[in-house]
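Asks: Listed below, chain by chain, are the residues.
Protein chains: 2
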Amino acid sequence: MQLGLSVSDSDVSSFTPLVVLELADDTKAEAITWLLNRIRDKQKNGGDGEGFLSDAECQYIIKHELDTLRAKNEEHVPGYPKVKLYPGKSVVRRLQSKGVLVQYFPLHNKEDLKRLSFSWYKKIKLSFQPLDDIRHYFGEGLALYFGFLEYFTFALVPMALIGIPYYLFDWEDYDKYVLFAVFNLVWSTVFLEVWKRCSATFAYGWGTLSRKKAFEEPRAGFHGALGFNPITGREEPVYPSSKRQLRIYLVSVPFVLLCLYLSFYVMMVYFDMENWAISVYNENPNFGTGILLFVPSIIYAVVIEIMNLLYRYAAEFLTNWGEPEILLFSCSSFNNSYFNYCFFFFFCFQFNFVNCFASLFYIAFVMQDMVLLRQSLATLLITSQILNQVMEAFLPYWLQRRRNKKVHKRMRRVMGDKELPLLEQVQLETEMNTYLGTFDDYLEQFLLFGYVSLFSCVYPLAAVLVVLNNITEVYSDAFKMCHVFKRPFSEPAANIGVWQLAFETMSIIAVVTNCALIGLSSQVKAYFPESETQMILIVVAIEHVLLAFKFILAFVIPDVPKDIQVKLAKLEFDSLEALKKRVSTHLYMCTYLQHANRKCDHLYDRPCQKVLHC
Amino acid sequence: MQLGLSVSDSDVSSFTPLVVLELADDTKAEAITWLLNRIRDKQKNGGDGEGFLSDAECQYIIKHELDTLRAKNEEHVPGYPKVKLYPGKSVVRRLQSKGVLVQYFPLHNKEDLKRLSFSWYKKIKLSFQPLDDIRHYFGEGLALYFGFLEYFTFALVPMALIGIPYYLFDWEDYDKYVLFAVFNLVWSTVFLEVWKRCSATFAYGWGTLSRKKAFEEPRAGFHGALGFNPITGREEPVYPSSKRQLRIYLVSVPFVLLCLYLSFYVMMVYFDMENWAISVYNENPNFGTGILLFVPSIIYAVVIEIMNLLYRYAAEFLTNWGEPEILLFSCSSFNNSYFNYCFFFFFCFQFNFVNCFASLFYIAFVMQDMVLLRQSLATLLITSQILNQVMEAFLPYWLQRRRNKKVHKRMRRVMGDKELPLLEQVQLETEMNTYLGTFDDYLEQFLLFGYVSLFSCVYPLAAVLVVLNNITEVYSDAFKMCHVFKRPFSEPAANIGVWQLAFETMSIIAVVTNCALIGLSSQVKAYFPESETQMILIVVAIEHVLLAFKFILAFVIPDVPKDIQVKLAKLEFDSLEALKKRVSTHLYMCTYLQHANRKCDHLYDRPCQKVLHC
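For the record, the sequence lines run as chains U and Z.
Everything in the first sequence is counted per this note's numbering, starting at 7 for the first residue and increasing by one.
Everything in the second sequence is counted per this note's numbering, starting at 7 for the first residue and increasing by one.
Be careful, since some hints might not be right.
Note that the list lumps identical chains together, so a pair holds whenever it fits in one copy or between two copies.
In silico DSSO-like pairs for lysine-lysine, Cα to Cα no more than 27 Å straight-line [what the hints assert, rightly or not]:
id, residue 1, residue 2
1, Lys576, Lys69
2, Lys486, Lys531
3, Lys412, Lys492
4, Lys576, Lys95
5, Lys95, Lys573
6, Lys576, Lys34
7, Lys88, Lys415
8, Lys78, Lys576
To be clear, the hints were calculated from the coordinates, so they are not data collected in a lab.
These figures come from a predicted structure and were not determined experimentally.
Between the sequences and the hints, there should be enough to build the whole structure, so can you do that?
Replies: Here's what the structure looks like:
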């Protein structure tokens, strides 16, 4: 990398760098000059919000500016006659695809990071996470993830507390799980309803609750034939929708079926191994063969993790196939990336679900072997937790340390003993891995939620294990955000988005599964000794009532707490009153100022709470 | 009635009267002067939208003006020392409750009405209803009802067409209804999804689609202790919420249980009568006793209609009990009437559902007698349709004609031969009945939808009967709106509101019911001769898959058609662009102009489509 900071070293101390653009080693000087002029050119039109915005917000705005930097009349990048441009082409995208611009990322603020990491995970004491500070440093999207993680962990505590005595005293009495299944049912419904209200409270505090989507320009990473955007009327690269749909139906569907087949095949191999281990143990029962009993489950758990990883890459590949676009997992309602995101999401969702839960469903409802179910669940849960923690934080950290040392040495060799903290920091962070968004973190929590809500009645310790996992998860995730990965661009968010839907779907599946488990229990069967049909009909009727109750509950509990509803309404009323006072010919004004607020939201990602009082 | 038009007769021809306020016969002159001054006073602040607004919209604005007319410093109504006022008290409400103001209603426009009724129902030919004209004359709420009626009727045609051959050829083969049940399942889901899109298309065309609720003043009819509104900070009559809830739980719940008990009791009496009729027929089977077989069903149908009517009054009474408020069935999210409306809605909904369908469910699933089910369904459907048409249109019309003649005679007696068409029109319309809103009309359609989607597989002619009923319903409803009732105040609406939810609930119940009917059919039972348990499990599994499919379908099909999404986004984008050009210091402006659009919506009930191009 060229140490291409365009400010002299003496200037370095006088400004706080926010975002780094890494250009290729041999970038032509004229290209650099042109790019800087174009960026400055663009900035002249906007205003700066000195002091008014947090670092994370400034970085988000810079990212937006860079992403929407489009070629005007340039035919090619100055100095690179082969790197062609046409009007409307994303400059950043073209530079990236041709390898001139290697990457761009926001820089850590060492002071803030130190303060944040100290209050977040460096002191070990019982306290909530500093979510407001996290939001200030990393943006709302990440803060909401950590808020959810904390909420989920706390919500599991009652279940864990009930689970321990259950496990200790009723452990061998396989039939006493009916009560626990009923508890699971109620818990999983209430859990999600209360979270919606918590999430609204967070988002209100951060000013993103009533945020509306701005008219996003086509994504920086997007290229294709030029067409007219029906909304803006501008010429823009457009990807033909019919082509994409054809692609999906013709290629993705067979691929999905193939993958599902593979999942089931692996499951069957696991059952064969299981049978083999049991037969070996039965022939010669000793300590060694006793341990052998757990080996198939552990191997299966490891294979599942690997398959999940492979499927994730496959999903990413399939989503981007035909459009060389970097998937950044951001939603927006009017461009193609939303479609892609949903496609990717359901792809991953479905595979992970089948992968992790297919064997458990098979054991529970086809084999009806509750002992094996318990053992399999425990092994899967523990193995995947250990693997996850290692893969997610410790392995990257170890690699990171090795790289850091190398960078440090190289810097010393090049610079001698001169103190250049900023340059070294840039060098160090350039080498860090990129955080790919909260997708993987939510997915992990989603699978844990599945284990707990679906099957924890047969293995009450599941909740305890998940609580323990999540406590370490908070620390390891905090650590990885602060020290393992590059600082991510902040992403404004009003809620956890499509994950809310995913968790709700899981909780519906949980109702059905728990009812079926109740129906299978010999405790319930004992009540209907003569008529199995009657028992099934009663269980099905109860299940329907529970599902209906769940929907009514979701409908009756308001998603936004009353006091915040009132605050939002008051805010709206106040603006209306202010309007009445100031504007007399409001009919005309209201036409073209209608979306003043939108503009505001778009730039500063908050409604007018702040603005109103300044 | 005093002929208290405050304009001289010569003026009458020069203006189009919109709304009539009927004052008591002996109203003091000073009270009239005061009221007129207060109304004019209020109007000075607003502007008139001559030509820009339709009659219906002007009437809606006048109603809003009247409803929000509140006392200032007057201690009592001039001329009426006993009719006390306090600051903030609704003037219209006080005048109404003390009998000074008898009623106020919008006046028909004879010219427009003639044109409308000609294009609507006077020519009998195959064509769609003139929904735009209906909306122009009666407002969006009613136009949406007629749009829904038309859509529902057309949607039933394929089912009716399949039903006729089914009925003719398989009529006696009770087991061949499986295919029809599957068709019902798919139909009821697709029906509602497509309607959402139709409704969005209508509402977009009428400019109400993206309408937001304004900050409504407390309803005119509302009075109670004064308190502070947390949103506006104004002193307003507030009804303590805890008191209302206590009232509901202590009084309404026992009452509801009592009513349900009564419904079931009547049902049991019906079954006794049915058994008696069958025994009489069996003893002596001839034509007379053959007809006797249908008598219990017919009596039961009539009793159901009467009970529905009684419950409706009970619901209205319970809803308003403790707060002497006229229920006008308008929703608004931040005042108490919304709560009331929902309470009233679920009350009526529940009773009508239990009343109409309890006996059918009992016959289908407890008695499992498909012949009786078919006979009972047919009698219920036909009797209730005939009763409805008579009660809804023909009886009021007959009463109306009698009154009209009386009024005409009286006018001739008082006025001699002077031609005073306006005064006579006012006199005639004053005597007309008041249309109580679309509630009863939607309820009727809802029950018909229930008959068709729940049980039409055992009686395929149901759809045919409903189509026939709805064709006459269009004519009788159109006739009653134009000639039987007073013209109603127009009510802006973006969709059919809580009825969408009601219809969707019914379609979910339909899935469950149809699956159960399939499970009961001997055709299906024949496939599983040895194991009933297996059959039940398979039917339950299929039902779950169908329900899941239904939810996925509802999630995947966008509620607003793509082209309208694009148009709305374009509108928003255009305002943003206009804003960019005009306003430079947008940050400040956007604060207090944020809700300019709201104000606009509030007055003219449409977003800026029109305004933008004027």
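Asks: Taking the hints in turn, state whether each one holds.
Replies: Comparing the hints with the structure gives:
no., hint, result
1, Lys576 x Lys69, "between (33 Å within a copy, 25 Å between copies)"
2, Lys486 x Lys531, "neither (50 Å within a copy, 60 Å between copies)"
3, Lys412 x Lys492, "within (17 Å within a copy, 88 Å between copies)"
4, Lys576 x Lys95, "between (44 Å within a copy, 22 Å between copies)"
5, Lys95 x Lys573, "between (43 Å within a copy, 25 Å between copies)"
6, Lys576 x Lys34, "neither (56 Å within a copy, 41 Å between copies)"
7, Lys88 x Lys415, "neither (37 Å within a copy, 95 Å between copies)"
8, Lys78 x Lys576, "between (45 Å within a copy, 24 Å between copies)"
Violated hints for the displayed structure, listed by number in ascending order: 2, 6, 7.
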